[in-house]
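Asks: Line order of the protein sequences matches chains E and S. Going by the numbering used here, the first sequence opens with residue 1, and the numbers climb by one from there. Going by the numbering used here, the second sequence opens with residue 1, and the numbers climb by one from there.
Note that these hints are calculated values from the structure, not bench results. Hints should not be assumed to be uniformly reliable.
[What the hints assert, rightly or not] Non-contacting residues of chain E with respect to chain S, defined by C-beta distances greater than 10 Å in every case (computed):
| hint | residue |
| --- | --- |
| 1 | Ala117 |
| 2 | Ser142 |
| 3 | Gly540 |
| 4 | Gly896 |
[As the list claims (entries may be wrong)] Quick list of in silico lysine-lysine cross-link-like pairs, BS3-like style, CA-CA up to 30 Å:
| hint | chain 1 | residue 1 | chain 2 | residue 2 |
| --- | --- | --- | --- | --- |
| 5 | E | Lys467 | E | Lys743 |
| 6 | S | Lys16 | E | Lys349 |
| 7 | E | Lys458 | E | Lys353 |
| 8 | E | Lys745 | E | Lys774 |
| 9 | E | Lys353 | S | Lys16 |
| 10 | E | Lys449 | E | Lys349 |
For glycine and all other residues, C-beta sits at the position ideal for the given N, C-alpha and C.
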Amino acid sequence: MIVLHANWIDGRLHLWGETERGEPASCEQVRHAIGHAVRSLEDDEAALRLPASESSVLPSAALARRRGDEDSPTALMLRSTSVPSCSIAPSDAAGVLERLLDAARNDRDLLLAPSVAFAERVSALARHVLAQQRFVPMLCHSADGELSAAWRPWLADDKTRERATRLLETMPPAFRAIESDPPASAWSILDDMLWRIIDASCREVLEDEDMSETISGRDGADPHVAWLSGLLDGKAEVKASGRERQGIIRGVRGWIARLEERGASSTWRLCLRLNEPLDALLSENPQAVPNVPWSLSFHLQAGDAEHVMVDAADIWLLPSDGVSIEGLRLDDPHELLLAELARAARLYKPIEKALEHAEPVDLELDTRQAYEFLREVRPILHEQGFGVESPDWWETSRSRLGARLRIEDAPEQPEPADASRAITSNVGLSALVGYRWEIAVGDTTLTLKEFEQLASLKTPLVRMGGKWVEIRPEDVENAVKFIHENPGGAMALGDAMRLAFGTDPKKTGIPVVGLEASGWVSSLLGDSAESMPLAEPPEGFKGTLRPYQVRGLSWMRFLERFGFGLCLADDMGLGKTIQMLALMQLEREESEQRVPPTLLIAPTSVLANWYHEAKRFTPEIKTHIHHGVERLQGEAFAQMAMTNDLIVTTYALAYRDIQTIENVPWHRIVLDEAQFIKNPSAKQTQAVRSLTGSHRAALTGTPVENRLGELWSIMDFLNPGYLGSPGQFRTRFAAPIERRRDKDKSRKLRSLVQPFILRRLKTDANVVSDLPEKIETKEHCVLTPEQAEMYENTVARMIAKVESSEGIQRRGEVLAGLIKLKQICNHPSQVLKDVGEGERVRVARSGKCVRLIEQLDEVLAEGDQSLVFTQFRQMGTLLARMLRHELDREILFLHGGTPRGQREKMIDRFQKADGTAPILILSLRAGGVGLNLTAATHVFHFDRWWNPAVENQATDRAYRIGQTRTVMVHKYLVRGTLEERIDEMIEQKTELAENIIGAGESWLTDLDTEDLRDLLSLRDEAIGDDA
Amino acid sequence: MSRFQSSHHQRPEPTKPRRVRGGLKLNKPLENIATSWAASRWLRIIEDAATGDTITTGLEYAQLGQTRSLSVREGAIEASVQGRRARAYATSIHLEPIDDATWDRVEEALLDGASHAARLAAGELQANIEDVFAPLGTRLFPLSHDELRIDCDCGKDDGVWCKHAVATAYLFAQRLMDEPLAMLTLRGCPMDELSERLRSRRAVSGQEDAVPVYSPHLAGLADQQDPPLEDLLETFWDTPMPLDDLDIPIEAGEVDHPLLRRLGQTPFSESRFPMVGLLATCYDLIGERARQISERDAGDEDARDDEPEGFGDDVLDSDDPNS
């Protein structure tokens, strides 16, 4: 593992690293992490000032978090230190940084410090400046008077400056901690990095294009030639004799300074307003549109108070030496207006014509000129500090021309799903639909003929429905060509949707602005669950479905009816499991024939949950868990499957037993925690994808739309081929969205997948109203084989000891044994104490830990905060270390030994809920009293106290006055162990349970040996052995 | 336009002074002179000092070329200005020089920052030069006209601005435009010593970074104050704000060559090479490449699958008669 850092030193990008042990990585290790050959890479050294304790330089925050360091020593000072680095020339920096960010997304052993991500954003800003052409040729002089040329970013305009300012504000202190005297300022580093990357990029392009040829053989004494000779290739030198030098410096300075030239008055500036022609002139004849008169009127405007505006016509009536307007002094208004108009005329020639009048007031433009003014001149004038007012319809997306796909005749709504039907070629995304293309201008749709008529006017601004609409000349031609080439016809629904949302406008020539449909296609594309016909909750469902769950059920039934794969992605705790169970119950009640079984594939950690929930809510759904060493194979499995309704198995077994499993004609394949198949090349993923069934569904609690790798995998399982190949998906969506945060691509992707994903959040208005204040669920976990073996050995030894002892000693043995069993259920290391200082706590050794990580991952993704309670302080310590490492977050741990001051500090941080410390672990005793932790919406009871009163008291930390959201309570217990059996007893409210609740664990010590053995011994289903 | 000509001042009846052959003339419009920051700072002082009439005639004198000579030495600007009488008036504007000890410290500070030193070597003063003087308790430019003392033998009371002094001051402004270091001379800077030290410094540090001849005003960036790193030990490694909040799109701007259009033709009217046209081509090539790179990156080698190019476009392509 390596943590990479970036700094910008002496005009080069330095990458340096830390190893897992906190030592500086060698150049070789850094090179290896960079992963590919970089032309300009050199082994180098970076002189830095890093946080240190009295004795040594400390590990970086990223490394400390990854290692799960607790109480790392506090940094007391900065220490000058030199680390091995790889340095890279400005021209290669952007490429290297982007690749690193990509690589780190899929490689847990490559950790990037924030400085690397920051450096990448700097290179992105450089590219932004290049793409927007916001850089200038510059002349520079060195201390010895020599001249050189450079391409420099021009950041002085509002938008660019704002971006640069925001970027400067996000610079990590580490990025400027370079050794230099005086210390380098944040700005000087950012400025240097920006201009060097920009300069290098410009020269690279111009060199490729042999631009220096254009000046070869020209007179070197010509100032243009002299300056250009330092700009067009790798050479920056500008040759000029002493005399010429001052002239060229002054000339360039004066020229570039024009960009900041503002008028003579610091208060007043010229404002130009484009006024539409009067309606009266337009209504008669559309042919007249090109020639109607627009007017560009002149005004003086107060720069700092834009509403203070004086029309030119009024200015000529003012006394020439000045007046006060709204408290602002306006001196020499006539001269000022003329001077300002002259300044504007330099940028917009037609104003010269107005200056021919003695007292200019406005300028008349025809429609084409008005368009040119709006599109080309307005931005330039605005940037140069003039006020410009354009009609409010300009620049709204409503007025832009585009192509819209209309789906005309979708096939009739098919019959309700025939349960035994297999996927055929004409349902789902393969269903053939009739379509045609239309020209759309905002909400208005035009026929080809109407459009051609408009186009024949050959004017870039046309009147439609009483409004002005922009028709870009380049769009018109493309649109006509496009419509002629794409007359319409029939195609698969999936193709139509991809066409409408996934088309590259560069290929069509005009933007594709969406899809219009009617009937069920419109329901599908509509606001998902809200517009679906509601289903009746199945009678055989024991319990009450909340209204949003009924909507979810209806949505699933609707999608399946039309043959689509679906993904239910509700927030954790909203009941995805019971919605799926309700769907299975419903289809059995609706179908006259027997419905074939559903195969559900889930992580081992939740198998038991499915079994219990099915038993409780849908007892008619016969459920079988395909798991354990004695699981059925071959024909026996097939027979068993056909007599059951729900077969639950794991991802690992789905792969291992694929030949057994694929021989059953499944009604439905369901993936629970579907993010498990995010790696498309993993064998498990491929096995799962090869399974066939009439329907496919995925359940996940993670915000799948934001995790593009997962999104592709899940969508491709549900609706194969819909998002294209992984490569196509990466090119079209993932890369632009992840690298450039391309909002348009992101929106299109959402449109594509939105019909197939239903995600409700706990906070959604129409979910909140359905939710109680507190939802309790039990998480049935499994033991790992290691845990199971320890558990059985411990029980055997305990029983033996108990049999041979009496009285107080016997009680002691029982209590000691019980505690040990509970610890084994938590994590083997709690008993074995085999994790040394600084070593990782392995999650996979404990079924509960696996589940906890899964659930916390989802909670974090939802941006929520959690409390994790445990009885054992040691377990709290282990959990804190494990979570820090796995989740890469700061984890708070509050226990009985936490000093009061620190305790309050922790609680304040947690309650601040700023995302920096979203998880608080508490030992039950410490958490029991008086704390108010309403910033949490999830409460985990990692182990159990067996006393609901005590547990509730803990839960109430979060669920108390001041809590405005629903609190989700997750109670962990391990299947087949004493944890589950005691829980059953409490649930059944047996007489025994009364005792339990009253007296903690002491009642156990009074059981006779036989009862004890029965209570404690391990049942088969406890083990998750497929790891 | 300049306030000096504003019409609420009654223009006096012009009584013409004697003509001077080859006198020093104010031959640039005031607006142009004011584009030099040093000159405009000086102009502001005159503007505050003298009354309307004096300014108007003084300016006329300067423009007519009534000044026979003008020299700048430590502590004074001295000129000989021709009026209506036969003998030219000896006019001087005095300004207290900065003492030698302070100059030593100023030099240290100037030589410390690469950019000031480079500018000075090129005969330039940077607009923020006062930042070097202020911490030493002094200023290069006088804060107000009170610091200036007028001495003219025209007969007006000592210390009152006459038209001869105003003419002298305008010509000095014009001098500052071309030769801003004249201000250092006026303040008594040992110029020979300074240039010697600049030279020796060059020899030591060798290749200094070149400094742009023009730096725009970047409020919020260049004037950003960094807290000392020692105060940031707790948050040393992290970005103070989430990077994801930054929106940095890679796409073409609203219009092509936005800056080139605002710049217009270069001031090198004598040049025969069409520079602006060539720059336009450069801008196009560079902008296009930047946008292409970001698209090309999207389809990295590892992702460039061998599958048929598809996804939407394949459907369109099938309607294309050429495919």
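Asks: Indicate, hint by hint, whether the structure satisfies it.
Replies: Each hint, compared with the structure:
1. Ala117: violated, 5 Å
2. Ser142: Since the minimum Cβ distance to chain S is about 4 Å, serine 142 of chain E lies within 10 Å and the statement is violated.
3. Gly540: holds, 43 Å
4. Gly896: Per Cβ check, glycine 896 of chain E is outside 10 Å of chain S; nearest 27 Å; holds.
5. E/Lys467 - E/Lys743: holds, 29 Å
6. S/Lys16 - E/Lys349: violated, 41 Å
7. E/Lys458 - E/Lys353: The hint holds at about 26 Å.
8. E/Lys745 - E/Lys774: violated, 39 Å
9. E/Lys353 - S/Lys16: Roughly 39 Å separates the two Cα atoms, so the pair is violated.
10. E/Lys449 - E/Lys349: violated, 38 Å
When held up to the earlier numbered hints, the structure conflicts with 1, 2, 6, 8, 9 and 10 and fits the remainder.
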